[in-house]
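Top to bottom, those sequences are chains A and B. Going left to right, the first sequence walks through residues -16 to 515 as this note's numbering numbers them. Going left to right, the second sequence walks through residues 4 to 353 as this note's numbering numbers them.
Mixed in with the good hints, there may be bad ones.
[Stated by the list, open to error] Simulated restraints on C-beta separations:
(1) Arg226/B - Arg266/A: 28 to 38 Å
(2) Ala28/A - Ser36/B: 56 to 66 Å
(3) Gly229/B - Gly125/A: 19 to 29 Å
(4) Gln319/B - Ala335/A: 31 to 41 Å
(5) Ser176/B - Gly125/A: 31 to 41 Å
It should be emphasised that the hints constitute simulated quantities derived from the structure, not laboratory data. In this text the structure is predicted, and so the values were computed from the model without any measurement. The beta-carbon is built from N, C-alpha and C at its ideal position, and this holds for glycine as well.
Chain by chain, the residues:
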Amino acid sequence: MEPAHDAAAPAGPNVPGPHPGAPAPGPGGGANGAAVLSLQHAAKAFGSVQAIADGTIELQAGEAHALLGENGAGKSTLVKILAGVYQVDTGTLLMDGQPATLASPAAAQAAGIAVIYQEPTLFPDLSVAENIFMGRQPLRAGRRIDGKVMRTEAAALFARLGVALDPGRVCRGLSIADQQIVEIGKALSLNARVIVMDEPTAALSAAEVARLFEVVATLRAGGAAVLFISHRLEEVFEICQRVTVMRDGRHVMTSELDGLTGDDLVRAMVGRDMPVRTDAERRAPGGQVLTVEHLTREGVFTDISFDVRAGEIVALAGLVGSGRSEVARAIFGIDKYDAGAVKVSSRGLRRASPTDAMAAGIGFVPEDRRQQGLVMDMSVQQNMALASLRRLGRHGLISSGAERKFATDWSLRLRIKYGKLTDPVSRLSGGNQQKVVLGKWLGRQPTLLIVDEPTRGIDIGTKAEVHRLLGQLAGDGVAILMISSELPEVLQVGDRILVMREGRLAAEFGHGEATEERIIAAATGQREGQAR
Amino acid sequence: MSTTLAPRREPPKAGPDVSSRRLTERVFRVRESGILAVLVVFVAVTAAVQPRFLDLANIKFVLINATVFALLAVGETMVVVSRNVDLSIGSVVGLSAYLSANLFSQFHGISIPLVFLVGLGIGLACGVANGLMVSLGRVPSLVVTLATLYIIRGIDILIVGGNEVVAQSLPGSFLNIPQDTVLGVPDVAIAVAVVVAVGAYYLRSFRSGRELYAIGSNPDGARLAGISVGKRVFTAFTVSGALAGVAGVLWAAQYQTINSTAGTGYELTVISAVVVGGVAIFGGSGTAVGAALGALLLGTITSALYVLGISPFWDQSIAGFLLLLAISLDRAISVRLLAALRLRSSRGAG
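Okay, chain A solo, but in the shape it has when bound:
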């Protein structure tokens, strides 16, 4: 077993501390100018969905390179290509100027690429040192594991990273920040030259982020290239030297960060126009339907207060992980909350009781329709009737005639395309499945409808139809709370837009006040627009 000390000699000047604006150990890091890794015009489709159309990124030794883009811009797909999880359909990959392929996670590892995910996948029952060296443990006579050497080597890795972590303890109970450090230690022990960090700071405290940045500086000083993905622009400016922006699966720009502003980056990330819901469609909202007061769930969301009125669509925007879905789940009673209150038409709802929420007239279309919204093996008809069984039954028995009539009725109104009502719902397209979930709740004639990412993974045509449908419902006086990560959708459909950031309401925009730039600024905490 090789000790990890000789992992790649420093390629650039040894920069001890990461001061903002510290000179990058010049891209190229010296002798040859070839990039450590260069992915050019990568394309990857899943079925009919083009996840990436033109993925291009170039990493130099010793640089921290930011990858930016909205949700759905293709960053995650690009990361998984580099991790060897996905294979590109077309495109070329060069490592040190030589063509390379990453056929598997093991191949990517062998090529010197390490990926640190937002929530690392460690072995919770094993020690920190074993997690680093699993499958490569140092051996002594008789091919037995040399635990002492293993722990010493792990300690040496941590010393190089400048962090205090006991190599002998089990990983269970480590904070996410420490788990990432373990993964980084593993990357170091593998002599990784490219270290991809996929939103590593999303779940970290300020002190932990500071420590991570020190580690990134150490890695850079050691000649590694760091690909840093974050939604927090100020972090990007703090530790990165160059940036690549993606939008809709395409490379938009790559540039030195020097001389760029946050606005420049946001504009590059957004850069498109979408039609908005016409004012004629928007009416003056009626009375309050949903009132949320100081809702708090420790560590998830804090002090959330807002209301939704009859005939109004309130869009809840924010980054993935900002606590939007969790708030919705708490309102509907799926999750508990620690403090605060939820009222529907000024009647208080019981905590953690979906039954009570349904009785009060709330309908809930969850984010993950396959897992939570539908019973995939059951028929279209049964799925649609699922939330209205009490009304369709008599003496506790469900009348299949009534069920059929109910399903026919709603599928006509929602224009659902299906073969037979008795076909399993799994045969329908994603868009039509989503309509079935909508129909299931509309059949109960809700006074408040909560929809979480109503158009995720749906083709553009059906998307517009779902939007039309939501507008129609609002016109009929239903209060709608819509969670969406797609800014054009938020702007197009929402009458009022609430933005969450890190578990708190960060901003509220009326229709007409909001722009994509302002929402992103509020969601990422850039001090601009109307944040706070």
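For chain A, the structure is supplied; the task is to place chain B on it using the hints.
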């Protein structure tokens, strides 16, 4: 988000790390020392009521009784640690016991080591079948081994029919195996202790052994780490089967009358012993030594009830209570441990 950075931290100090390792190790050792403590208390209480319990003959009896279970527990530990389960071992014991004992009447003067080898071979074959279906067929082990539990027992019943092998048809040297002692300790107990030690050492100190823990701890992570999950799990089932085969021969020597019900229900006793012994039922942690101690504890309870004149019907209830106790204890320890580790983690990161 702060824009200024905390001052660079000094290199890790040895002090807190060493003490914390002691803490974790101590808490983890509790699992085994806990069973040992229960065992000692149990023996002490029983002996106080009925001093006959500590007779040399009785201790010997208890040890011999526990050998079959301890042997099975080693194999089961390897399987359970990888987040699998082997329910077929009771049936394997039965099949191996009959077929190997029957050899003596078919081939007069057959050597005893050869009989043990045949038993091992039978078990190995069963284990290979289990392992192939789990690793290649990707069928959950619970389902696979539940099926082979019935299949192997069915084969056993087909072969045995209404027959049985009786002590008269077995050679004296075979029947004496459980009685032989070295310095008063039964040979069998020594042999099984060696197997337990080897199993424990393998799981602790070899890459492939550690990989079983990794697989049980995080199966997807194990695949991402490049561990050949199928191969390791296959090996675990093979070893479990082989040990069950050997245990079957031991069973025959011990009970001396073998019909088609031999070893029925042993799988549950062994899994109880393994869990009581501190092996996490969902894999990732536990040791072969703990599992063997669990087997010894359950065996001791059976004989203690007998010595105390308590109805053996209590035996199973007590085993069940112990299982609950073990699981609650395990839960309590892991909650405490987690809290302690979290605290340390936050201090370390702060």
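Hint-by-hint comparison with the structure:
About 54 Å separates the C-beta atoms of Arg226/B and Arg266/A, a value inconsistent with the hinted range of 28 to 38 Å. Evaluation of the 56 to 66 Å hint for Ala28/A and Ser36/B yields a pass: the beta carbon distance comes to about 58 Å. Between Gly229/B and Gly125/A the beta carbons are some 23 Å apart, a value that agrees with the proposed interval 19 to 29 Å. Gln319/B and Ala335/A have their C-beta atoms about 39 Å apart, which keeps the hinted 31 to 41 Å range intact.
Checked against the given bound of 31 to 41 Å, the beta carbons of Ser176/B and Gly125/A, roughly 35 Å apart, stay inside it.
In this structure, only the earlier hint numbered 1 is contradicted, and the remaining ones agree with it.
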